[in-house]
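> Here are the chains, one letter per residue:
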Amino acid sequence: MQTHTKEALASLVAALALIGVIHSGIWFTMFGTPDLTVLGFPFHYFWLVAGGPVAMFVLYWVYYQYITTSIMEEKEQLKTSTSGVGAADDIGAKAGEDDD
Amino acid sequence: MISPLQQAGEYPFQETFNELLIPVGIILVMFLVFYGISYYMKSNIQGSDDYMVAGRTIGPFVNGSAVSATWESLATFMGVVALMVQVQIPFLAVWTNFLLSIPLIVILYGQTLRRLGSYTPATFCKDRYGNTMSVVMALLIVFVMLMYALGQFIGLAQVAEILFGWDYTLSLFVIATLVTGYVVIAGMWGVSYNSALQFWIMLTAAFIPMMFVLNQLGSSGWFFPPLGYGDLVPEMQQTNPDFFDMTFDTRWYFAMFLAMALGPIGMPHLAQRIFTSRSVEAGRKTVFWFVLVTGLMFATIYSVAFAGVYWLGQEGFEVAEADFDKMIFYLNFAFSGDSITGYVVAGAIAGGLSTVSGHMLAISAAVANDVIEAFELDVTEDRKTQFGYAAVIGAGLIVALLALNPPAFLVVSILWAFSISAAAITPVIVLGVWSARVNRYGAIASSIVGFATVIVLSPHALGGIGAGAEGLTADLGIDAIMIAFPLSLLTFIVVSLVAERIDSLNVDPESNRNLINEMHGYPDDNVDRFTSATPLIILAVLMLPILWWGIQPW
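Those protein sequence lines, which keep their order, are chains A and B. 41 is the number that the numbering used here gives to position 34 of the first sequence; each next residue is one higher, with no gaps. 299 is the number that the numbering used here gives to position 124 of the second sequence; each next residue is one higher, with no gaps.
Calculated directly from the structure, the hints in this document are not laboratory data. Cβ coordinates follow ideal geometry from the N, Cα and C atoms, glycine included. Careful: at least some of the hints might be erroneous.
[Stated by the list, open to error] One-sided excerpt, in silico: chain B residues whose CB lies under 10 Å from chain A:
#  : residue
1  : W270
2  : G396
3  : V408
4  : M421
5  : L471
6  : F473
7  : W609
8  : I691
9  : P698
10 : D699
11 : D700
12 : S707
[To be verified] Which chain A residues face chain B? A few, computed with CB under 7 Å, are given here:
#  : residue
13 : S18
14 : A22
15 : V56
16 : G59
17 : T89
[What the hints assert, rightly or not] Between beta-carbon pairs, the in silico distance windows are:
#  : chain 1 : residue 1 : chain 2 : residue 2 : range
18 : B       : G393      : A       : D42       : 18 to 28 Å
19 : A       : S77       : B       : L690      : 22 to 32 Å
20 : B       : D417      : A       : L19       : 33 to 43 Å
21 : B       : D424      : A       : F64       : 25 to 35 Å
22 : B       : W723      : A       : T76       : 39 to 49 Å
Work out the full structure, taking the sequences as your base and the hints as a guide.
Take a look at the structure:
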């Protein structure tokens, strides 16, 4: 599969997964929530307040850590193979400054 | 026993400050710090790039906090609590959908546009679709930002009313002067660092007072308000048995997704924050801080709404609809007194300032950069920055005049802005990034159709023409998005693909090749990428059932 196809699919899947975890709190309720409480809260309430954001954090971390990194590596290889083209990531930024 | 009360001034609990000295002192010190930071940062402004995107130097932690403050706004303190008190749990769905927007901005286009060095989505439109679409986009941005800022100005004026007991009009113009002056002083540089500070003021102003409130309400987990009030749930279910019901049908939640998750994606004041990142990598890392701090802030605000409903139920009080916006202050007056409520008010003001400054800078960038570039005017960098200042002052005046006759809830104009953004801005940006097959004809048609559909179906513009929904759903203007969004996407795709086949229109997907490769970080190797029409056709087909669903009576 070509890198840009992989990138498009990975972005689509990441977006859908993020939307899915947030919405699961709603859909569980719409289609019958199990009678389950977490920390004293009905499950759907807990999910919307805390579970969803935490799941979103974890999913984004997976996307960032594995998918983005591997695609960036493939792009770098493409750049190397075509040679002489500077890194587009550095537009407007000073090299080596990546922390607060 | 319920004691129905119709308006402020008659409630059996404290509504305004009895002692102003400490609250006013807190707010004055806060303003001095904001102005001080702005003044200090002013020395960094040497051109429009510095004014509008802080020279693209902001790191992930500062940016994550600043994005969160800009994103949360005054509505988090006032509008959200008000709607949660009235709508109850379904409003959680609104806000969690909103939470999706920043990760989606970064994934779908933030990092790609950051590579291009864009100021705003309109800058991108100029490169991708040409000058006409750039002007259309700049006008849409100005409109949406004015609507969004309107809610903030109304809320800030209400805060001044509570604080000083002033007339609403006087409060409004004092607030407009203070906010506009604040934004003019330092542009995005000062605003970015101030917004990060504003976030932490907002969080502490919500979190710490809620510890006292929950403690007095008898919660054993009072020390951690975001999740510490679970033991109050059984009593809440007795006094308010329907508090945890989702109430509305599936379509309501789907419409909320379209408006609240996809709408903010097109909001330039949020995207602009990502563009201030010092690198694409820093922009991606911003999301981690954003989700972390915003999740904490939101969970705390839910506890405020919960405690508000719980307290009203326990005491048998009723509050007039128009006063729900002030619930967080009533709660703190009742449990914590004037001094602590003064800090809560400071937090609300910080929320309003952070967002409205983002709106004004987005308007400034649209007028001083996008319009000037679209018309290819020969303007010096100094003159461009001066146009930016003038645009901020003009925007402040217009919003203040619009806010003279406000809607019942301050969130109404904000939700309307989201619907317009979702239908008229988001599709043009996102598809423009991910498909070389969409073009300026489709983009212009899509934006006009999306905008016009929301305006026609919205109860706030023409009135009398609805999309089938009634009650709160229609009042909020959210139902229009179920028709406007699919219609906008269908128009975009169909017009783009048809335009390709009309020779006289000279549409050549290959002309975007270099731009698409550059924005996605690919080498300039003359390889065509993102050129398949199949994903567009699938998307168009998916829009048909959504459109049909939206047209049916609610």
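> Which numbered hints does this structure break?
No hint contradicted; all consistent.
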